[in-house]
Amino acid sequence: MTQGDAGGTKLAVKAATKRYGDFHALKDCSLDIGANSVVSIVGPSGCGKTTLLWAMSGLNPLTSGEVLLDGTPIDRPRPEVGLVFQEANLLPWRNLMDNILFPFEIKRQQPDRAWIDHLLDRVSLKGFEKSFPNELSGGMQQRGSIVRALSLQPSVLLMDEPFGALDAFTREEMNQLVEEIWLETKTTIVFITHSIEEALFLSDQVVVLTPRPGRVLNVYDVPFERPRTMEIMASKEVFDLTNQIKADIYGQQIAGRAAAE
Amino acid sequence: MSEDVVGGKVGKGLQSLSTFGAGTSRLEVLAIIATAVIVIGGLELVLRWFEVPHYILPPPSAIVAALWTDFPLILPHLGYTLVVLLSGFAIGAGIGLILAAVITQFPFAEKIIAPYILILVTTPMLALVPLLILWFGFGYEPRIIAVALATGPMVMINSATGFRRVDANKIALARSYGASTLQIFWKVRAPMALPMILVGLMIGAIFGLLTAVGAEMVGGGFGLGNRLTTYSSMIRMPQFFGVVLILSLLGILIYVIFFLIGKKWTSWET
Ligand SMILES: Nc1ncnc2c1ncn2[C@@H]1O[C@H](COP(=O)(O)OP(=O)(O)O)[C@@H](O)[C@H]1O
Ligand SMILES: [Mg+2]
Numbered sequence: 001m002t003q004g005d006a007g008g009t010k011l012a013v014k015a016a017t018k019r020y021g022d023f024h025a026l027k028d029c030s031l032d033i034g035a036n037s038v039v040s041i042v043g044p045s046g047c048g049k050t051t052l053l054w055a056m057s058g059l060n061p062l063t064s065g066e067v068l069l070d071g072t073p074i075d076r077p078r079p080e081v082g083l084v085f086q087e088a089n090l091l092p093w094r095n096l097m098d099n100i101l102f103p104f105e106i107k108r109q110q111p112d113r114a115w116i117d118h119l120l121d122r123v124s125l126k127g128f129e130k131s132f133p134n135e136l137s138g139g140m141q142q143r144g145s146i147v148r149a150l151s152l153q154p155s156v157l158l159m160d161e162p163f164g165a166l167d168a169f170t171r172e173e174m175n176q177l178v179e180e181i182w183l184e185t186k187t188t189i190v191f192i193t194h195s196i197e198e199a200l201f202l203s204d205q206v207v208v209l210t211p212r213p214g215r216v217l218n219v220y221d222v223p224f225e226r227p228r229t230m231e232i233m234a235s236k237e238v239f240d241l242t243n244q245i246k247a248d249i250y251g252q253q254i255a256g257r258a259a260a261e
Numbered sequence: 001m002s003e004d005v006v007g008g009k010v011g012k013g014l015q016s017l018s019t020f021g022a023g024t025s026r027l028e029v030l031a032i033i034a035t036a037v038i039v040i041g042g043l044e045l046v047l048r049w050f051e052v053p054h055y056i057l058p059p060p061s062a063i064v065a066a067l068w069t070d071f072p073l074i075l076p077h078l079g080y081t082l083v084v085l086l087s088g089f090a091i092g093a094g095i096g097l098i099l100a101a102v103i104t105q106f107p108f109a110e111k112i113i114a115p116y117i118l119i120l121v122t123t124p125m126l127a128l129v130p131l132l133i134l135w136f137g138f139g140y141e142p143r144i145i146a147v148a149l150a151t152g153p154m155v156m157i158n159s160a161t162g163f164r165r166v167d168a169n170k171i172a173l174a175r176s177y178g179a180s181t182l183q184i185f186w187k188v189r190a191p192m193a194l195p196m197i198l199v200g201l202m203i204g205a206i207f208g209l210l211t212a213v214g215a216e217m218v219g220g221g222f223g224l225g226n227r228l229t230t231y232s233s234m235i236r237m238p239q240f241f242g243v244v245l246i247l248s249l250l251g252i253l254i255y256v257i258f259f260l261i262g263k264k265w266t267s268w269e270t
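Chains as they are written, first to last, in the numbering used here: chain E, 1 to 261; chain X, 1 to 270.
Not one of these hints is a red herring.
Calculated pairs, SDA-like style, for lysine to any residue (alpha carbon to alpha carbon, straight line, at most 20 Å): (1) E:107 / X:187; (2) E:107 / X:181; (3) E:14 / E:32; (4) X:264 / E:98; (5) X:264 / E:132; (6) E:107 / X:183; (7) X:264 / E:135; (8) X:187 / E:152; (9) E:107 / X:190; (10) X:187 / E:108; (11) E:27 / E:73; (12) E:107 / X:171; (13) E:130 / X:263; (14) X:264 / E:94; (15) E:107 / X:185; (16) E:14 / E:60; (17) X:263 / E:131; (18) X:187 / E:132; (19) E:130 / X:187; (20) X:264 / E:129; (21) E:130 / X:269; (22) X:187 / E:104; (23) X:263 / E:94; (24) X:187 / E:109; (25) X:264 / E:131; (26) E:107 / X:191; (27) X:263 / E:135; (28) E:107 / X:184; (29) E:107 / X:182; (30) E:107 / X:177; (31) X:187 / E:131; (32) E:130 / X:265; (33) X:187 / E:94; (34) E:27 / E:219; (35) X:263 / E:95; (36) E:107 / X:169; (37) E:107 / X:172; (38) X:187 / E:101; (39) X:187 / E:79.
Simulated from the structure, these hints should not be mistaken for laboratory data.
Work out the full structure: start from the sequences and follow the hints.
Pasting the structure below:
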């Protein structure tokens, strides 16, 4: 019941192909992402995860194929889609509040102060509005960037290895925060990560991508209730899923190495 | 996506230039003052002890005395030099900045123009002053043009480095909110370039000062540069060194101004 409810498809990736010169970063990659669900994408470095996410965000058009948001093709950035980058990507010359107001400045739109205040409170950044990024820890910066992405109340949140640069403890805190945010907003989340543990903690589905060319290898359902406790995360089911996904990823790497020899 | 390899490194140029003024403790201040007293006082004593003639090297006290009595005579020349410097700097820096901003948007055009900018940067503009005087007469114009020619390329080359500091993720961020090219320029590229622009402006201003004084030494009857040639030909060394002192102070003032601006506007760099 705390599962992402199947409110239809939010994002549909249809035969997405992206070439850089002769190199296929993505080839015939298809994927449906259900409304209000959390979907993680894992796969070895360079397998096209970022390329896929940027296609979903409308930042980087595909060579062929398309991404549909609520049935309409995404051909440029949309206000309903929020993006969180690998590094917090705050603008270092702006204080936290001015960073959060940046989207509104670009769009020449009145910010919803109450909502922003609520978000800041949610991520424990109240009182740091005037701080500059270089005065904040990595985790605080990333929390700030999540507030910025949520400030426009997007219906889809795309996150590209958002916690890859953080230490393990901060990372777990951040995972809980994302879970809480999802429980509150039920925003559809597409989450790229290197950490299978993180993927299984957060997602309704884990998508494994294969490299060269990037395409979907397997999609795993993660049918555990939320919030996901330590007991659930330590269960046999999670353990088995972890091993299956690992086998997928390392199997490819071994196969790839064999093919290269 | 691609990391910003340049960000956070280049802009430290200004900071590293300014380690001199940063974080000095009380003890260090004392040491600095003591050293200055010893050097200046020692110079005074040595010059007096050996009775070095003033026309060879006047003692510091004579320089200060000469400045004190002759300052009203020097002041108009200081004004003249400042007018030359400030107008030349404004013109040169303005053109340099605009060129840098435009050129960096077109990498192909940049490649074509680069050699000429390099020539402008490396050629001492003083060499052109006799020609400029031939063209524009003995007034302000040739000197202002020389200062602009010295300042502009310095500002341009450094600002261009700043504008080239493209952090793909920051631009993608702006684009993800539908920013226009102009918005990206003013809200991302320009602030990111600011530390290097300030470095360029400071170097440009210092080069401008050198060129202004040099240009005044070539013909014409005005400016601090002209005072240097005049006083040395009249063998009035205390006045001569008084003018040199004013010029050093001007240089330091330029440095301090940009140091303070940098501290206020680019402290986010560190
Ligand atoms: N702008 C680009 N030009 C050329 N190749 C690129 C570009 N962007 C990404 N690639 C290549 O496409 C592949 C997929 O990249 P990316 O989507 O960033 O992978 P991931 O995020 O999974 O690590 C990589 O091999 C990368 O080198
Ligand atoms: Mg990536």
